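Engineer: Sequence:
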Amino acid sequence: MPSAEIITIGTELLLGEIADTNTQEIALALRKIGVDVYRTGMIGDNPERIAGMLLESVQRADIVILTGGLGPTVDDPTRHAIAQAFDLDLEFHPDLWDEIVRRFEKYGIQPPENNRQQAYLPSGADSLPNPRGTAPGIGLEIQDTLIYAMPGVPVEMEGMVNEQVVPRITKHFGLTGVILIRNIRVEEIGESRIDALISDLEELANPTVGLAAGKGYVLVRITAKAENEEVAEALLEDLEKEIRKRLSDWTDLDPGKL
Numbered sequence: 040m041p042s043a044e045i046i047t048i049g050t051e052l053l054l055g056e057i058a059d060t061n062t063q064e065i066a067l068a069l070r071k072i073g074v075d076v077y078r079t080g081m082i083g084d085n086p087e088r089i090a091g092m093l094l095e096s097v098q099r100a101d102i103v104i105l106t107g108g109l110g111p112t113v114d115d116p117t118r119h120a121i122a123q124a125f126d127l128d129l130e131f132h133p134d135l136w137d138e139i140v141r142r143f144e145k146y147g148i149q150p151p152e153n154n155r156q157q158a159y160l161p162s163g164a165d166s167l168p169n170p171r172g173t174a175p176g177i178g179l180e181i182q183d184t185l186i187y188a189m190p191g192v193p194v195e196m197e198g199m200v201n202e203q204v205v206p207r208i209t210k211h212f213g214l215t216g217v218i219l220i221r222n223i224r225v226e227e228i229g230e231s232r233i234d235a236l237i238s239d240l241e242e243l244a245n246p247t248v249g250l251a252a253g254k255g256y257v258l259v260r261i262t263a264k265a266e267n268e269e270v271a272e273a274l275l276e277d278l279e280k281e282i283r284k285r286l287s288d289w290t291d292l293d294p295g296k297l
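Numbering of the sequence shown is given in this note's numbering, commencing with residue 40 and proceeding in unit increments.
Don't read these hints as lab results, they were simulated from the structure. Just so you know, nobody snuck in bad clues.
Here are the computed lysine to aspartate or glutamate pairs in the EDC-like style, where the Cα-Cα straight-line distance is at most 20 Å:
{"id": "1", "residue 1": "K145", "residue 2": "D134"}
{"id": "2", "residue 1": "K71", "residue 2": "E269"}
{"id": "3", "residue 1": "K254", "residue 2": "D234"}
{"id": "4", "residue 1": "K254", "residue 2": "E227"}
{"id": "5", "residue 1": "K284", "residue 2": "E226"}
{"id": "6", "residue 1": "K280", "residue 2": "E242"}
{"id": "7", "residue 1": "K71", "residue 2": "E272"}
{"id": "8", "residue 1": "K280", "residue 2": "E269"}
{"id": "9", "residue 1": "K264", "residue 2": "D277"}
{"id": "10", "residue 1": "K264", "residue 2": "D75"}
{"id": "11", "residue 1": "K284", "residue 2": "D239"}
{"id": "12", "residue 1": "K145", "residue 2": "E195"}
{"id": "13", "residue 1": "K280", "residue 2": "D239"}
{"id": "14", "residue 1": "K71", "residue 2": "E197"}
{"id": "15", "residue 1": "K284", "residue 2": "E242"}
{"id": "16", "residue 1": "K254", "residue 2": "E230"}
{"id": "17", "residue 1": "K254", "residue 2": "E226"}
{"id": "18", "residue 1": "K210", "residue 2": "E180"}
{"id": "19", "residue 1": "K210", "residue 2": "D183"}
{"id": "20", "residue 1": "K210", "residue 2": "D75"}
{"id": "21", "residue 1": "K71", "residue 2": "E266"}
{"id": "22", "residue 1": "K210", "residue 2": "D101"}
{"id": "23", "residue 1": "K280", "residue 2": "E241"}
{"id": "24", "residue 1": "K264", "residue 2": "E241"}
Simulated restraints on C-beta separations:
{"id": "25", "residue 1": "P193", "residue 2": "V140", "range": "24 to 30 Å"}
{"id": "26", "residue 1": "L94", "residue 2": "F131", "range": "22 to 28 Å"}
{"id": "27", "residue 1": "E241", "residue 2": "N267", "range": "24 to 30 Å"}
Just so you know, these numbers come straight off a predicted model, no measurement behind them. Ideal Cβ positions, reconstructed from N, Cα and C, are used throughout, including at glycine.
Given only the sequences and the hints, what does the whole structure look like? Please build it.
Structural biologist: Now the structure itself:
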């Protein structure tokens, strides 16, 4: 299965002024089609640093997804950072500019001149339609890695990742697989004790087993990867039975799916 990395861009994120919800949405969308997210990162509005992080990600991942920094202002550096990272020119696309103009004219106004930069793409890149905003996304393949850049506005990003990015990834890799997760809630026993009881299961490759501590409980998370849901469910079922058997004193005997 292909691997992915997610990069969220915006100094406001690093300052804690807004919460990053985009990473979660992208990770969930990728999980549904069987793509492993191996790493995520957050970086400010600095084109040199963005370019450096992007270059590192391309060396590791099959897919790199960026959000943020595609607006019309001087602190929207993502398109410039992509071009800088791979020594590409930024090319003006009249059709994208015409679409931006049409959007503004619907409200009886002309777009400011700085919106024109949203019609520039790195050479060789495709635009990703954005019906919810003026900034088109960017799609590019570099060194056998797919790169997608989307606006950071959550409502725009969510639509684009599901309607544009996921279908492109699915088609490119011929994906038919899924990743399914099942959680078992365990109470009145500590994480270290649980680990001692199921440590051998935590070494499995597929499904995998992990622990996540909550307030007054621990979730035992089982993750299965398979070519379809039926096979994945069967993998989960067998392992869940074994875990519940070992932890029967501290968990509900009825299987629960969260």
